[in-house]
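Student: Protein chains in written order, with our numbering: chain A, 6 to 178; chain B, 6 to 178; chain C, 6 to 178.
Wrong hints could be hidden among the right ones.
Same chains, same label: a pair holds when it works inside one copy or across any pair of copies.
Derived pair list, reagent style BS3-like, types lysine-lysine, alpha-carbon separation capped at 30 Å [claimed, not checked]: (1) LYS158 to LYS116; (2) LYS150 to LYS116; (3) LYS24 to LYS70; (4) LYS70 to LYS130; (5) LYS70 to LYS116; (6) LYS25 to LYS116; (7) LYS116 to LYS24; (8) LYS150 to LYS70; (9) LYS168 to LYS150; (10) LYS70 to LYS158.
None of these hints come from the bench; they were simulated from the model. Model, not experiment: these values are computed from the prediction.
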Amino acid sequence: MIYQTEKNNLNNSVMAEQKKLSIISFSGDFDKLTAVFTLATGASAIGYEVNIFFTFWGLDAIKIKQGRSLVGRGFLPKLFAFFMGGLKSAPVSRLNFGGISPGIFRHMMRKNNVATLEELVDAAKVLNVNFYACEMAMHILGLEKSDFIPEVKDVLGVPSFLKIADGGQTLFI
Amino acid sequence: MIYQTEKNNLNNSVMAEQKKLSIISFSGDFDKLTAVFTLATGASAIGYEVNIFFTFWGLDAIKIKQGRSLVGRGFLPKLFAFFMGGLKSAPVSRLNFGGISPGIFRHMMRKNNVATLEELVDAAKVLNVNFYACEMAMHILGLEKSDFIPEVKDVLGVPSFLKIADGGQTLFI
Amino acid sequence: MIYQTEKNNLNNSVMAEQKKLSIISFSGDFDKLTAVFTLATGASAIGYEVNIFFTFWGLDAIKIKQGRSLVGRGFLPKLFAFFMGGLKSAPVSRLNFGGISPGIFRHMMRKNNVATLEELVDAAKVLNVNFYACEMAMHILGLEKSDFIPEVKDVLGVPSFLKIADGGQTLFI
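If we strip away everything but chain A, and leave its shape as in the complex, we get:
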């Protein structure tokens, strides 16, 4: 009898386990960030735990100062920050047409009643998607936690991220 109970507990704990999606958001491209936040909000809406680990160009999406700002300690980090330019000036990974494509996409998204990137980011916040920043990339780019929006839960290295992502699906975008 005791075995039966234990097995039921085991089954219950396995079946009740929350599904998990973790995304390494590496790219700063408009279309890829749209993919990150579409997957994140879609998964969160059906009850997944969702973790986004922003690294390299992806860090641009969670900076407080959007637009062409000089965020970062040192001359070179500032230079990169200026050219990265944040969500509002993120280029498209292909057919960027000298920078007019993100605007065209925004227009097409609005016209076709699809959530824009900014709306998706807001939705992710409301849905309690977990935002994390990559420690190493912050070192390279001269960024600190205070440069990021308050929704960023923590600064993590690879080992901590792997622990958080363990047992779920992980995507590199």
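Could you slot chains B and C onto chain A? The hints should help.
Tutor: Chains B and C alone, transformed into the frame defined by chain A:
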């Protein structure tokens, strides 16, 4: 005795489960699409269930009208369709050399007896790889199910795709 | 009693199983290769089995002859090898500024005491990260196993790689 039987059943069901590979095919680049279809056919050949979820630029690979066509509802979707241009004019993600690289790759693939991209797509169809199209990207690009090859099984949102991909490996390419 | 023992064995074997991270290293970009080796060394440091499957542009990272060499059988493979140019001339995927960005990144990495790409590759070797080369991409690019560093354990097709990666996380970078 009953426990023994139940456990055997449990073990059998776990061991007999078909392995699964799901690919989010986001890129429209020649080399990345080659990776998508090489992985898909390779996994299918050893008995995996394989699902490809075409989104954004990746949708280009499953359009009926290949070449520089004006598929899509509205002016801007048509414009993008023209520049995307389908499988036969997909650029290489790096060292595209103004568009001659895909031809060079095709030549090198044929010369070295490696399946070309078109042959890999055909193989994926024969191997019953499941093709799905992303609903949201279709809205943005003004595409409808009738614009795609008949092998496209369904149009899905993120939640439905996550359910299909659940329990297997998922790659974003 | 026998069930109890069996269940304990089952639990132990599940708990003792080594975690696994497998990376398909497709890109030859400096920043993406840095991500590959940061993830690989980070996972290995906490006891993961780590497998890297180098394919397409990623093969550039494991060639013996670094720099702009003419490795490969045939004229076209040699041409691509020349332009790929190995780890030391890998471009950055974005804001490459005509090739000066990797140098800037190297400078920023050294200044901020972050391991450089070359140091990460060396660390991966020391940590026994498993290096594999993709058979099909080698055929296309006219490369042979003898063109690669001795740490490359084997040349694999997709099915063999899937078997190695089975049961762990897999990322496409």
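Student: Hint by hint, say whether it matches the structure.
Tutor: Do the hints match the structure? See the list:
no.	hint	in the structure
1	LYS158 to LYS116	between (34 Å within a copy, 27 Å between copies)
2	LYS150 to LYS116	between (36 Å within a copy, 19 Å between copies)
3	LYS24 to LYS70	neither (33 Å within a copy, 39 Å between copies)
4	LYS70 to LYS130	within (17 Å within a copy, 40 Å between copies)
5	LYS70 to LYS116	both (28 Å within a copy, 25 Å between copies)
6	LYS25 to LYS116	neither (32 Å within a copy, 37 Å between copies)
7	LYS116 to LYS24	neither (34 Å within a copy, 40 Å between copies)
8	LYS150 to LYS70	within (13 Å within a copy, 41 Å between copies)
9	LYS168 to LYS150	within (21 Å within a copy, 35 Å between copies)
10	LYS70 to LYS158	within (18 Å within a copy, 44 Å between copies)
Hint check: violations occur at hints 3, 6, 7; the rest are consistent with the structure.
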